[in-house]
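Engineer: Chains as they are written, first to last, in the working numbering: chain A, 1 to 281; chain B, 1 to 471.
Calculated from the structure, these hints are not laboratory results. Check before you lean on any hint, since a few could be wrong.
To be verified - Below, simulated DSS-like cross-link-like pairs (lysine-lysine); rule was C-alpha separation at most 27 Å, straight line:
(1) A:12 x B:191
(2) B:200 x A:9
(3) A:60 x A:198
Just so you know, these numbers come straight off a predicted model, no measurement behind them.
Chain residues, written in single-letter form:
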Amino acid sequence: MNSFIFSFKNIKVILFQFCAMFLIYNLYIGINQPVILSYQNQWQQNYAAAQGFIYDKKSKNVIVGSSLAARIQKKALVVGFSNLSFSGGSVLTGLEIIKRSDFVPKKIFVEINTIFREQDIKMLDSLFYPIWYKVKNYFPALREKNQPLNLGLTELKSVYGKTHEEHMKETRNQRVYETALKLQKAEHSVEQKDYLNKLEQLKLLLSYFETKKSEIVFFEMPVEPVLTQSKSMQHIRRVLKRAFPSKKVITSKQNYNTSDGLHLLYKDAFAFTKEFNKLID
Amino acid sequence: MLFNSFPFVLLVLITAFFYYRKMLLNYQRQILIISSCIFYAYGQPLLLALLLFSASINSIASYYVYFETNNFRKKLYATVGVVFNLLVLMYFKYIGLFVSIIDSFTNVGGIGELFVLIPLPIGISFYTFQGISLVVDLYRNNGEDSINTWHVEKKFSKHFIDTVFFISFFPQLVAGPIVKAYQFYPQIKHKYFKDIEFEKSVKLLIVGYFFKMVVADNLKDQTFWMTYPYFENLSSLNLMALLFGYSMQIFADFAGYSLIAIGIAKLYGYNLSRNFCFPYIAKSFSEFWTRWHISLSTWLKEYLYIPLGGNRKGNMKTYVNLMLVMAFGGLWHGAALSYVVWGLYHGSLLAVERFVQKNIIKIKNPMFDYLKIIFVFSVVTIGWLLFKLPNFDQVILYVKAFFENSSLSINKLSLLLIACYSMPIVIYHLSYLSYQRTGKNYLNNNLVYSVMFFLIVTNSGSSGEFIYFQF
Numbered sequence: 001m002n003s004f005i006f007s008f009k010n011i012k013v014i015l016f017q018f019c020a021m022f023l024i025y026n027l028y029i030g031i032n033q034p035v036i037l038s039y040q041n042q043w044q045q046n047y048a049a050a051q052g053f054i055y056d057k058k059s060k061n062v063i064v065g066s067s068l069a070a071r072i073q074k075k076a077l078v079v080g081f082s083n084l085s086f087s088g089g090s091v092l093t094g095l096e097i098i099k100r101s102d103f104v105p106k107k108i109f110v111e112i113n114t115i116f117r118e119q120d121i122k123m124l125d126s127l128f129y130p131i132w133y134k135v136k137n138y139f140p141a142l143r144e145k146n147q148p149l150n151l152g153l154t155e156l157k158s159v160y161g162k163t164h165e166e167h168m169k170e171t172r173n174q175r176v177y178e179t180a181l182k183l184q185k186a187e188h189s190v191e192q193k194d195y196l197n198k199l200e201q202l203k204l205l206l207s208y209f210e211t212k213k214s215e216i217v218f219f220e221m222p223v224e225p226v227l228t229q230s231k232s233m234q235h236i237r238r239v240l241k242r243a244f245p246s247k248k249v250i251t252s253k254q255n256y257n258t259s260d261g262l263h264l265l266y267k268d269a270f271a272f273t274k275e276f277n278k279l280i281d
Numbered sequence: 001m002l003f004n005s006f007p008f009v010l011l012v013l014i015t016a017f018f019y020y021r022k023m024l025l026n027y028q029r030q031i032l033i034i035s036s037c038i039f040y041a042y043g044q045p046l047l048l049a050l051l052l053f054s055a056s057i058n059s060i061a062s063y064y065v066y067f068e069t070n071n072f073r074k075k076l077y078a079t080v081g082v083v084f085n086l087l088v089l090m091y092f093k094y095i096g097l098f099v100s101i102i103d104s105f106t107n108v109g110g111i112g113e114l115f116v117l118i119p120l121p122i123g124i125s126f127y128t129f130q131g132i133s134l135v136v137d138l139y140r141n142n143g144e145d146s147i148n149t150w151h152v153e154k155k156f157s158k159h160f161i162d163t164v165f166f167i168s169f170f171p172q173l174v175a176g177p178i179v180k181a182y183q184f185y186p187q188i189k190h191k192y193f194k195d196i197e198f199e200k201s202v203k204l205l206i207v208g209y210f211f212k213m214v215v216a217d218n219l220k221d222q223t224f225w226m227t228y229p230y231f232e233n234l235s236s237l238n239l240m241a242l243l244f245g246y247s248m249q250i251f252a253d254f255a256g257y258s259l260i261a262i263g264i265a266k267l268y269g270y271n272l273s274r275n276f277c278f279p280y281i282a283k284s285f286s287e288f289w290t291r292w293h294i295s296l297s298t299w300l301k302e303y304l305y306i307p308l309g310g311n312r313k314g315n316m317k318t319y320v321n322l323m324l325v326m327a328f329g330g331l332w333h334g335a336a337l338s339y340v341v342w343g344l345y346h347g348s349l350l351a352v353e354r355f356v357q358k359n360i361i362k363i364k365n366p367m368f369d370y371l372k373i374i375f376v377f378s379v380v381t382i383g384w385l386l387f388k389l390p391n392f393d394q395v396i397l398y399v400k401a402f403f404e405n406s407s408l409s410i411n412k413l414s415l416l417l418i419a420c421y422s423m424p425i426v427i428y429h430l431s432y433l434s435y436q437r438t439g440k441n442y443l444n445n446n447l448v449y450s451v452m453f454f455l456i457v458t459n460s461g462s463s464g465e466f467i468y469f470q471f
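Could you put together the complete structure from these sequences and hints?
Structural biologist: Here it is as structure tokens:
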């Protein structure tokens, strides 16, 4: 029995120290609300974007898309936009997040390039896990964005990171570009087969928002011209035209440079964002 | 059911609540069996039947092995038990591989597709090995003088419950440690709440969850880029760092799982054997295998290497035995040729090391010891490439990219993150080296545990399955 009591004493100390650290960290995050500039990986960035939307301020216009639309530069975008574009993610995930957040945007801009990509159930379950979802509202330290390491990385980035001007001078690595483009060409040379259930999901989600008076706008992110004309992109446009005949798709009038065939370089993303502002006007 | 999920925490707590009720004291094994079934069925409800079937056959075979007095029949029952376990393992885990090999020779095609539909039952490699251990232990150890002897219940129903409990005990069911029957059965008795080693258990759980959720899960998001074709465009330095990171990740993931399993088993009064003992400070490959996945390496030693003759039949036979056992150990990890190659890689390292140690003069110098640690770690780490990329062609491409991509730009953030998340594992090993020299364990401090707990809550990576679940 003695050993049991002795053992428990140490556990109490561990718990007490943990609680103290956790509360202090929460207070620090809650009061200072540090701006996070650097994330550890793309998945964490996706979670941070989603949680930012769920728990913080929601804008009346929302962009949903993949890593392509994630390149849209907030600095160049007109005010009043939230961007729920996820690297490796799907528009269906973004739309579901808006729905489950009980929010009705004025306009939803839907990127079509990867429109029939699978919804990320794991991410949705994790974001809206019962109880935990509510707890994260009151304890910001539990959100992915506020991980202690991100604070450190942000400090490092603010000292050693590239400035906007330096980013604008970035060029692509030709070898990386050629290798990736070759793979993309092969991937885009066939029409997507398993799209029907995703199309149904999309129809349901869009009709949900339309009944709530949201306006849905499709747009296409610029990619390499050879991919713009690919079989898979033509197929997507055909399917969408059949399924949503009254909807137009906003497309860019200019050519932009990509780092890998799909993703815009920083300066091109910046230029496209400015064009996007005009296109949606 | 993942160890780092709410349903699991709930299951552990509810089980403990009923387990220590005075009125349910006689039903403790049954309570743990029910919890184990819930745990297993949560992910694969249909395959629970296979687990229970396997446990039933093992209980029948082991019962007859123990009580049979005729030596021939005793051997027959033991053989049936072992063959049954091997057949289950072969059918569910390796049939796809065998058929694809046959397909590639016969060019018939299509047969393999039928077998792709057979699901891989989680933990099958672990629980079939435990079944073999039960039958073999009872076959070998019926003499009163053996330390490995325990008494099997005369009443079959009692032995049946013990066996189902032994095979399905949920903390170690899906990824070990592989418990040997002679270690587990003698522990089966009434357990009391007052006897729980709370402090040990909590500390094991904190370290285990820290390794898994903070170290392994965060490294996983970096080492994701080691997969094909992503690695093709990474610089040589990044490729090297990723391999180092994967080496840390696989240790943190598996050692983390084992520590959690041992910690939870302790909550129910059971001591599972240690599965890792600072493997990356090994000064030789043979020492590495006494520190890495100890429950598997001792299983292979006791049930395969020694029965094959071990090192008692001359040098040549010893080398062959080492290669055979390690190739089998490799294949145990997965139904792919790259795992066999990985096993043979380690087998040849052990054989060459044995030859060198016998024939070359030993150098006794502390500095040389550190060089040996670095050398062993590096060679073991290179071997993990076969784990990460089970397609052998991709392994070749990775190595090729390493030599060709020196001019590509370096991703500094990735290097920094790999360094940050590998640091706890490096410190963990270095502190053990320091403990060996000074006798002081600086990490066994309440504040260290509190910080780990804090980081589990605030700095975990995205939740991922344990790497060893696939085996």
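Engineer: Take the hints in turn and mark each one as holding or not.
Structural biologist: Hint check:
no.	hint	verdict
1	A:12 x B:191	holds, 24 Å
2	B:200 x A:9	holds, 12 Å
3	A:60 x A:198	holds, 26 Å
In terms of the numbered hints stated before, the structure departs from none.
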